[in-house]
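Each protein sequence line maps, in turn, to chains G and V.
Quick note on UniProt numbering: the first sequence kicks off at 1 and runs consecutively.
Quick note on UniProt numbering: the second sequence kicks off at 1 and runs consecutively.
Keep in mind that a hint or two might mislead.
Ranges between beta-carbon positions, derived for each pair [what the hints assert, rightly or not]:
(1) H538(G) - G485(V): 57 to 65 Å
(2) E522(G) - E614(V): 50 to 58 Å
(3) A405(G) - R309(V): 48 to 56 Å
(4) Q691(G) - P479(V): 53 to 61 Å
(5) D680(V) - P534(G): 49 to 57 Å
(6) P642(G) - A86(V): 34 to 42 Å
The following residues of chain G were derived to be distant from chain V, with all beta-carbon distances above 10 Å [stated by the list, open to error]:
(7) T71
(8) E73
(9) G385
(10) A557
(11) R561
(12) S585
Partial selection, computed: residues in chain V whose CB lies under 7 Å from chain G [said to hold, decoys possible]:
(13) I258
(14) D328
(15) M428
(16) P431
(17) Q434
(18) A435
To be clear, the hints were calculated from the coordinates, so they are not data collected in a lab.
All figures in this text were calculated on a predicted structure; none of them were measured in a lab.
Where is the CB? At the ideal position from N, CA and C, for every residue including glycine.
Protein chains: 2
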Amino acid sequence: MTSRAPDPQAVQNLLEPNAVAIIGASAEPTRIGGRPVDYLKQAGFAGPIYPINPNRDVVQGLTAYASVLDTPERPDLAILAIPAAAVVDAVAECGRRGVRAAIIFSAGFAEVGAAGVEAQQQLLATAREYGVRLLGPNCLGGMNISRGLIATFSSSVQSGLPQAGRIGFVTQSGAFGSHCFALARARGLGLSRLVTTGNECDLDAADCLAYLAADADTDVIALHLEGCRDGERMKAALDAVQASGKPVIALKGGESDIGAAAAMSHTANLAGADAAYDALFRRYPVYRAHSIREFIDVAHAAARSALPRGNRLGLITVSGGVGIMMADAASHHDLDVAPMPEAAQRELHDMWPNATTRNPVDTTAQPVSDPEMNANFQRVMLREGNYDVIVNFLSMLPLAPALAAKLRPPLQALRREYPDNVLMIAAMCTPEAQADFEADGYLVFEDPTAAVDTAAALTDLGRRLAHSTPWQRTAVDCPARVAAGQRYAEFDALALLADAGVPVVPARRAASADDAAAAAAEIGFPVVLKIASPDILHKSDAGGVALSLQDEAAVRAAYDRVMANARGYDAQARLDGVLVAAMLSGGVEMAVGVQNDPTFGPMVMAGLGGVFIEILEDVTFELAPFGPAEARAMLQRLRGYPLLTGARGAAPADVDALADALVRLSEFAAANAATLASVDINPLLVMPAGQGLAAVDAVVLSKDDANA
Amino acid sequence: MTSRAPDPQAVQNLLEPNAVAIIGASAEPTRIGGRPVDYLKQAGFAGPIYPINPNRDVVQGLTAYASVLDTPERPDLAILAIPAAAVVDAVAECGRRGVRAAIIFSAGFAEVGAAGVEAQQQLLATAREYGVRLLGPNCLGGMNISRGLIATFSSSVQSGLPQAGRIGFVTQSGAFGSHCFALARARGLGLSRLVTTGNECDLDAADCLAYLAADADTDVIALHLEGCRDGERMKAALDAVQASGKPVIALKGGESDIGAAAAMSHTANLAGADAAYDALFRRYPVYRAHSIREFIDVAHAAARSALPRGNRLGLITVSGGVGIMMADAASHHDLDVAPMPEAAQRELHDMWPNATTRNPVDTTAQPVSDPEMNANFQRVMLREGNYDVIVNFLSMLPLAPALAAKLRPPLQALRREYPDNVLMIAAMCTPEAQADFEADGYLVFEDPTAAVDTAAALTDLGRRLAHSTPWQRTAVDCPARVAAGQRYAEFDALALLADAGVPVVPARRAASADDAAAAAAEIGFPVVLKIASPDILHKSDAGGVALSLQDEAAVRAAYDRVMANARGYDAQARLDGVLVAAMLSGGVEMAVGVQNDPTFGPMVMAGLGGVFIEILEDVTFELAPFGPAEARAMLQRLRGYPLLTGARGAAPADVDALADALVRLSEFAAANAATLASVDINPLLVMPAGQGLAAVDAVVLSKDDANA
């Protein structure tokens, strides 16, 4: 499949139109065809609004037209709120009028089965013929808040228009989009754009991401994905986002088996294993949230705050117990609750002798009588403790308006002095106090643990943005060598890997006992013999393996025994002699491999062998190709990583060589992405530092068909 | 330390008084001494309120008295809102008046250091002398909501009185208590009692728990602990709670190192490792929450709902994407998102062909046009799917009052038909809709993930309550044999364990080469020799170990070698000959042991050997003594548990024998609790099923002093 590049311009035409036609416009503002007319009017859309309704002259006070062909001005955008059966003709008419984009609310397409799929193909063909770009069908439309373009039939708008802000929101699900929209409004989140992409027959989430990357009204992108059909387009869109320096907060269900099964039944869109999404997001400044609450909390915070430059977390509290809880919460994340320097602790002690000064800093309830103390303590913490983030637990103090009013001015001054730090307040507030603190540049939470969790998410995003580099996917220096329809067993697989720069065990094929003895002499003793047969997968079960052969006589005897065992095991099996390989010992056993994800392409897997992979499923994935930094990060993600660095008194393993081998494997996988199905190297023996490593056994499978 | 039994009657005298005297009563309702007078009046306390103030005849409209000695009736309770220096005399006066309980708001006692500790001891001595029971000092008092006893100076009451309900709340921290009180009010939680215990010089959290266990107004107990000084009292209190059948939701900070360090600096109260609290709570129907939000959510839900009888979770949603997220959330817990039976799925399909029917069940947005459908679908799920809990995601539908009104009657009918199931709604609601649904018996959440998390917590509590049995701690059939001031090395340690019923490796001491050879012959070959010396801890480093000795000659030679090596290693070391032990092979290596927690007593530890314990710190604890069920549960908590049941093609290990050995070890630990410091058995070799196990090496340490 060749991917089209994401098309931000098409989304711009859709979300920044000169004029809008509503085909199927209803005079009744609560009907689906009436809502967009009503919403556009309410939101003060700047351009002309053309209701299209052959039965009325006026719709909701606006001049109506019988056809989009009759509008005084050519509208960039048409909204189609008509039955599915009428959609194709309407799109053709739009095309003839020069309309550049159409939003199709109508359901009854691919989501309803085979007949719908066909209807959707016809819809797309018509749109392509006329050069009309489509959003939907079966979508809830979109919004451009600053222009008053509320092109949706979502009933959630009836409870109020959204607050304008800096978060661009993309979702494939109309239901989810409506829910988040209502939630955003309830929480005071400011939105720049909201797009629901529905069936994505044409424009999809990737186009929207590319558009938001370039959109001057958007600082932060919130992305809800149910699935993704075209991984390369998604990567290209995220490349654009990465280049823009905007953080993304993503929500993608299906991490569990049940969730994945439900996703399968929910949408035809799903493709790609969940681990591939994790790997994809890891390559970009994308923070993956795991609940709606976290999604909203983190997006809200990211839009209102600078991102932390480091992971030092200062905690200040009016309740010692809550300080302990916040420290506990921080320990679940990569946050450093670093102690205050001794001198600074003395400074705090001098300010209030009953304070606990280490970090968490506990002021006791003293700010009730000395409201300036809260900001003064934080000033010392920021100046001397160098905290990137401060969470300030004020319990229910800001519920008292008089006290909130006294706490505020010193906090305002502090905020001005330290504009680049992330300053959070965790407290119960009156709505007024919360609005005031937020207006002053504080992030406000009710729950202190939620504040710490969000601090961790912002820190993660900050680190990703700071260290994010363009993903070089094209310039892989590795020949494509894997042919379709092959199962490369041992020798050939090892040869392919060796060619790609992955060190492999010294090995030769041998077709006779003499050959084997000669090969062993060349390789050096001890050696191992393994039956070579495309038909015998489990060589040990077949008696097809002989270990620790110390001399030529032993090799000759083993050859005859192994061949006889294999014939006895399966008389029909094709036998290609044996593989003679060096018998390695020592080192750390790894299992590494490649899975070619149908959506996102090859993913390299790495895990420690033995109980780590078999009992603990301690494996990690990275999308190919990647460089040494990603390879090292992969290894560091393993729970068993200490085994590679010399835990339990062992010599540190050759992690440099291992990282290099993973890089080579990733390049091999990327170069052969069209034909490769999987690679399984088990074991990969990693020797002590400086002594390299070797793939001891490998299986390479190719796809049945490179175009599959 | 001999523990007093918890005293529920003393807390009852305090929280259910006939009359209340406020010593230091102020005419100004916002001052600390004025607040309780004001609050008691506002809340309509039924009995007389006696302000004690020598300078006024009337305080806040009530007759004031110069001294508590002058009150017309003897008050059961006195509230002391006076400086620390005046407290002792006032308590003595209370005693002379026959006051049975005093709440001491005053700070300046043990929390401020040595002088305060002394003052607190004097206070307690005076109270004991006069038979007055104390709450505090340095506490925020307590409340008995149904009687209008608001005996606190917490300013949070100024924003409103709490709603009466069924949750009894105990906290050591006044600041935290105030915060939770305000939060409870904001969330509509109903409280029966609230007690803050402060410095706990007399009455403590254990007394309060025992009282709440017996209190007819309390169904659910919420417990916030900072620490616990007397583990036996706490166990006795939890015994009473367990017998009452009431669930406890606990919040205890300090699980992380930083949190524990902060706890150390926050309170002198801290004793006991965090793992001991986990182990303690596990023995009782206590759910440990890890954030304030979770604490409040779970307590609220437990007070308003039956607890689930099983772990089957039904999910119904108007948004497929949210169904997937809820299933993902369920997968993090022990919840069974079991599929609907096929026939029931067809029934749902016939009701709405576009529905997804497996579980999560997705109605699409159809309930907007067919509001009865939501309840009808759930009826089929409850009848045919046998779900213990249903989470019903309605997105923002209940924000529309007209739709909420239509959804409600069918949901009311459903609730009546299935009174014992836990029915949850996750939705954005107007406050009215939320109150209506809650009045109808639904648990209402905004966030669907929070609903699933709470479902898991309730399921856990339900399981604990159903399976909770009294903890038999006294009838341990094991002699106390460990003497204080000992380090029992290998042979003696193994002998102690063998006496206690823990199988040990066959071993003999030998003081000469001939002895050793004879011992080996008796034990059977192969054997291992290990130097026996109280001064050599690391036997291998000293060359003090000889393995795989196959005959008497080898044993004799090894004896001389081992002794010579040991002398060479440390010329001053006392050498007691060698230990001759059977050389065992095969089996699964475990590391087990005992730590004697200063607060909660001996805790048995178990972990798999090798990487599991050294790299993954995969160990688990259980307070001694315990029975086979707890022993098996311990093993099942280990991540490496599959290694014991035959993972990776190995034979299943003798888990029966292992569980029995843990039980015996726990009984040994309990019987020797007064003198034992620790036991370390490493390795404990567990043979294949039916073949038992053996402790191969062991160290037993006793306390320097049994009274320490």
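We went through each hint and held it up to the structure:
{"no.": "1", "hint": "H538(G) - G485(V): 57 to 65 Å", "in the structure": "holds (60 Å)"}
{"no.": "2", "hint": "E522(G) - E614(V): 50 to 58 Å", "in the structure": "violated (41 Å)"}
{"no.": "3", "hint": "A405(G) - R309(V): 48 to 56 Å", "in the structure": "holds (52 Å)"}
{"no.": "4", "hint": "Q691(G) - P479(V): 53 to 61 Å", "in the structure": "holds (56 Å)"}
{"no.": "5", "hint": "D680(V) - P534(G): 49 to 57 Å", "in the structure": "holds (53 Å)"}
{"no.": "6", "hint": "P642(G) - A86(V): 34 to 42 Å", "in the structure": "violated (59 Å)"}
{"no.": "7", "hint": "T71", "in the structure": "holds (31 Å)"}
{"no.": "8", "hint": "E73", "in the structure": "holds (35 Å)"}
{"no.": "9", "hint": "G385", "in the structure": "holds (14 Å)"}
{"no.": "10", "hint": "A557", "in the structure": "holds (28 Å)"}
{"no.": "11", "hint": "R561", "in the structure": "holds (24 Å)"}
{"no.": "12", "hint": "S585", "in the structure": "holds (19 Å)"}
{"no.": "13", "hint": "I258", "in the structure": "holds (4 Å)"}
{"no.": "14", "hint": "D328", "in the structure": "holds (4 Å)"}
{"no.": "15", "hint": "M428", "in the structure": "holds (5 Å)"}
{"no.": "16", "hint": "P431", "in the structure": "violated (12 Å)"}
{"no.": "17", "hint": "Q434", "in the structure": "violated (13 Å)"}
{"no.": "18", "hint": "A435", "in the structure": "violated (17 Å)"}
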